[in-house]
Amino acid sequence: MTDAATARTLLTDMIRVRRMEEKCAEMYSAGKIRGFLHLYVGEEAVAVGSLPMLGSDDAVVATYREHAHALLRGIPMTKIMAEMFGKQEGCSGGRGGSMHLFDAGRRFYGGNAIVAAGLPMAAGLAFADKQLGRKRISACYFGEGATAEGAFHETMNMAQLWQLPVLFCCENNRYAMGTAIERELSQVDLVAKALAYRVPAASADGMDVLASRAAMHTAVEHIRTAGGPYFLEFRTYRFRPHSMFDPELYRDKAEVTEWRDEHDPIQTFAQQCQADGLLNADDIAAIEAAAAAEVADAVAYADAGTLESIDTLTRDVMTPAGASS
Amino acid sequence: MTTTYRNAVHDAIADAMRADDRVVLLGEDVGRYGGTYAVSKGMLAEFGADRIRDTPISELGFVGIGIGAALGGLRPIVEVMTVNFSLLALDQIVNTAAALRHMSSGQFSVPVVVRMATGAGRQLAAQHSHSLENWYAHIPGITVLAPSTVADAYGMLRTALSSPDPVIIAEHVGLYNLSADLEELQPTDISRAALRRNGTDATIIAYGGCVPKALDAAEQLAQAGVDCDVIDLRVLRPLDDATIMESVARTHRVVVVDEAWHTGSLAGEISARIVEQAFYELDAPIARVCTAEVPIPYAKHLEEAALPQPDKIVAAVRGLFGQDRWAGAQRPGTGGR
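In the order they appear, the protein sequences are chains V and G. With this note's numbering, letter number 85 in the first sequence gets 85, and the count goes up by one each step, no holes. With this note's numbering, letter number 56 in the second sequence gets 56, and the count goes up by one each step, no holes.
What the hints contain is simulated information worked out from the structure, not anything from laboratory work. Given the structure is predicted, the values throughout are model-derived calculations rather than measurements.
Quick partial rundown of chain G residues pointing at chain V, CB under 10 angstroms, derived from the structure:
1) D21
2) L60
3) L74
4) Q107
5) F108
6) S109
7) V112
8) D165
Distance windows between CB atoms, simulated:
9) V:H217 x G:I57: 34 to 40 angstroms
10) G:G73 x V:A25: 36 to 42 angstroms
11) V:K253 x G:R32: 54 to 60 angstroms
12) G:D189 x V:T312: 24 to 30 angstroms
Partial list, derived from the structure: chain G residues whose beta carbon lies under 7 angstroms from chain V:
13) I65
14) G68
15) A69
16) L71
17) G72
18) G73
19) D91
20) T96
21) S104
22) S105
23) G106
24) P140
25) G141
In this text, a Cβ means the ideal position worked out from N, Cα and C, and glycines have one as well.
Next up, chain V with everything else stripped away, as it sits in the complex (with noise of 0.2 angstroms):
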């Protein structure tokens, strides 16, 4: 198992996200937010298991099921939502959106709503670390789904190729939107296909977000020692609809609550560390609160955010004159 500290910790932060995506969905509903949504409720132990793992100074790629990552990473929850919000104060400045969350500080590249074209942005950025000589790695989030695209194999092959300290984190949640992934891929076994390119990978259980955690860190620890690439499969499951605007006539009631009565990240956890007598009923209770009073807050920010005047509406196309980059 792991120690007391940890355990409350990553208890803290899945219940964090967990409670974070149910008010989006709510806000959503409320017409507060709009655009697509894409929430990443039952996929908690996944980024929670795995952010933790980079340093400061590693780079992160995320997709647009991203808002988990960016909360990982360390951006504030006040500032995610407020950009969902449509607000000048989101960490985006209003512009993005759910699906573009960034923030230069901390090294997050998005926010990216292109299936796999966060690949080759991270294979690019690891290349200039290895032209710099710099020792970083830089993450990269994606589903199966985008296995299929052409800038998956393209850029795995460079990444081998080229010995470009990249982590491809694969979270498999086994429908790429609504099409099962044995009605998309030929090839299931994921590990497969990045062996095929002779990356290194392996597989992780993507529900326990002990076993996330450890698997991260074999990977990181193989890219600091080794420099090249490495892929890692999080096997997990969504237990929402792919957006707020999908029916989900894909896929049986049945097998969504199997998983959720059965593989619920953070049930399992929370269960297991009390058997463990890491934590108490009382701690479990502490930490949900004080997770609704960090949505609560996100909320009360974003909803007395500000709306950009459309004065500036033409504003960060191009870099003004003068400015540095």
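For this one, chain V is given, so just place chain G on it according to the hints.
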């Protein structure tokens, strides 16, 4: 010193690499092969395989890596063999490079330079000959350049490398052998159009590989006593409206030459801008000389027939004048045809 357009691009890259360790060149066959158009010949020996990086045939991937590398602090020059092939990388250029600064509210900019050969005239047929730089000129967030002279082949690339934002450079395949006698190559601006020839009777607007054709046509017209301004756009985005309108206000007649097809062309955009900004200066409808609406054919005579040519430009300028006005425009004592 006599030098060619090809050598000017070569020297721009080499000088930039000597001046700044962050500059790298990525692309298919830029290293051992020396570049498809021999632009990077000899560079591997001087700068090594880390900085002159041969890539697999993965346009989407290596353009994307160039974008990521720019975000990571390098100053990558990415060579894409032709603008036709750049369509494989269109997603990375349009959805990532051009949009990132805006999506992140100014937190990230992408100082990548993507060079690509463009244009027809070498019997390379429909998959190696198109002029699609207009597609990039449509996109906010990138600068699109079309150097047409040896000086600009060097100068615009050098300046592009100091841009904090993505720059696309379209190098017309017909220009690589162009030579010029220049005292010295130096950075040139990447914001203004250039008046390559001064006239009073009509304005011919062109860019890239059509500039020499426009100058040729203007020379023929001068023999007939009609003096034309020839504007070399140089920068396809953002367009330099001021230079265009200043000329139109003097000549009152305009022909726009564009190696892209008429439909949806930059020539159409320029015509619209002239109508919006200088309609009452016009003494005749704007004329366009563009490529025939056909994928570029292989056979030499068909390819030539499809493309803008000096005689078509001459005819288009003549068409701006009525029979009487044409006679009036022709100055006595200058000959004529």
